[in-house]
Amino acid sequence: EAGVAQSPRYKIIEKRQSVAFWCNPISGHATLYWYQQILGQGPKLLIQFQNNGVVDDSQLPKDRFSAERLKGVDSTLKIQPAKLEDSAVYLCASSTRPDSREQYFGPGTRLTVT
Amino acid sequence: AQKVTQAQTEISVVEKEDVTLDCVYETRDTTYYLFWYKQPPSGELVFLIRRNSFDEQNEISGRYSWNFQKSTSSFNFTITASQVVDSAVYFCALSEGYKLSFGAGTTVTVRA
Numbered sequence: 001e002a003g004v005a006q007s008p009r010y011k012i013i014e015k016r017q018s019v020a021f022w023c024n025p026i027s028g029h030a031t032l033y034w035y036q037q038i039l040g041q042g043p044k045l046l047i048q049f050q051n052n053g054v055v056d057d058s059q060l061p062k063d064r065f066s067a068e069r070l071k072g073v074d075s076t077l078k079i080q081p082a083k084l085e086d087s088a089v090y091l092c093a094s095s096t097r098p099d100s101r102e103q104y105f106g107p108g109t110r111l112t113v114t
Numbered sequence: 001a002q003k004v005t006q007a008q009t010e011i012s013v014v015e016k017e018d019v020t021l022d023c024v025y026e027t028r029d030t031t032y033y034l035f036w037y038k039q040p041p042s043g044e045l046v047f048l049i050r051r052n053s054f055d056e057q058n059e060i061s062g063r064y065s066w067n068f069q070k071s072t073s074s075f076n077f078t079i080t081a082s083q084v085v086d087s088a089v090y091f092c093a094l095s096e097g098y099k100l101s102f103g104a105g106t107t108v109t110v111r112a
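Protein chains in written order, with the numbering used here: chain G, 1 to 114; chain B, 1 to 112.
Simulated from the structure, these hints should not be mistaken for laboratory data. There could be a bad hint or two in this list.
Unchecked claim - Using 30 Å as the maximum straight-line C-alpha spacing, the simulated DSBU-like pairs for lysine-lysine come out as follows:
1) B/LYS70 with G/LYS11
2) G/LYS78 with G/LYS62
3) B/LYS70 with B/LYS99
4) B/LYS99 with G/LYS71
5) G/LYS71 with B/LYS3
6) G/LYS11 with B/LYS99
7) G/LYS83 with B/LYS3
8) G/LYS78 with B/LYS70
9) G/LYS44 with B/LYS38
10) B/LYS99 with G/LYS62
11) G/LYS71 with G/LYS44
12) G/LYS83 with B/LYS38
13) G/LYS44 with B/LYS3
14) B/LYS3 with B/LYS38
15) B/LYS99 with G/LYS44
16) G/LYS15 with G/LYS78
17) G/LYS44 with G/LYS83
18) G/LYS44 with G/LYS15
19) G/LYS44 with B/LYS70
20) G/LYS83 with B/LYS99
21) G/LYS62 with G/LYS15
Since the structure is predicted, the reported quantities are computational estimates derived from the model, not experimental observations.
Just need the whole structure built from these sequences, with the hints factored in.
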């Protein structure tokens with residue numbers, strides 16, 4: 001079974017530029033999560049989708065971050081414009097169920113904002 | 001407020017020593033789950049163990065074991081006879097409903 005796929009693995013941009021990350025969850029997984037992991041910290045949930053609907057985006061900085069999962073499969077997370085403090089690893093996870101008892105994580109995208 | 005606290009920032013051991021990682025959590029829910037995840041240098045979070053709040057039985061799985069005590073809100077994790085491949089960051093996490101909250105992680109370095 002293929003795992004959660006993410007691309008790109010690494011991205012370096014200048015502040016005020018835009019960037020987008022892509023995630024393809026495990027086939028059949030209805031729930032998809034985006035996490036932000038700042039260096040030295042644990043992952044923090046940004047947004048959770050159930051199929052193509054948003055379950056929780058309370059910690060998503062909506063003035064600059066957006067995410068979509070239009071067809072209920074893969075998802076895109078965008079930052080526009082980026083700030084220095086957005087430097088982090090962005091992890092995507094998926095699950096067969098909306099509770100968080102079983103999540104499978106992708107390899108992450110490491111973003112550096114200069 | 002921090003829901004999951006991992007007091008140890010870094011632990012360094014010599015191969016074959018045992019490593020115990022501490023985790024203290026905070027929740028008002030009666031039903032919750034606790035996890036340990038491993039994050040090797042490659043970056044992917046790897047699921048290790050899960051316990052629900054109704055099962056305080058401590059178990060051993062291979063070289064991993066855990067000690068869950070609701071009375072002290074602790075969920076400690078032990079690696080027995082550590083190996084170099086165990087070097088990673090280990091995260092304790094708490095699941096309340098659909099939300100997963102992670103601790104800050106403990107970096108484990110196993111020296112040959």
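Inset, instruction - Kindly indicate which numbered hints from before are broken by the structure, ordering the numbers from low to high. - result: 1, 5 and 8
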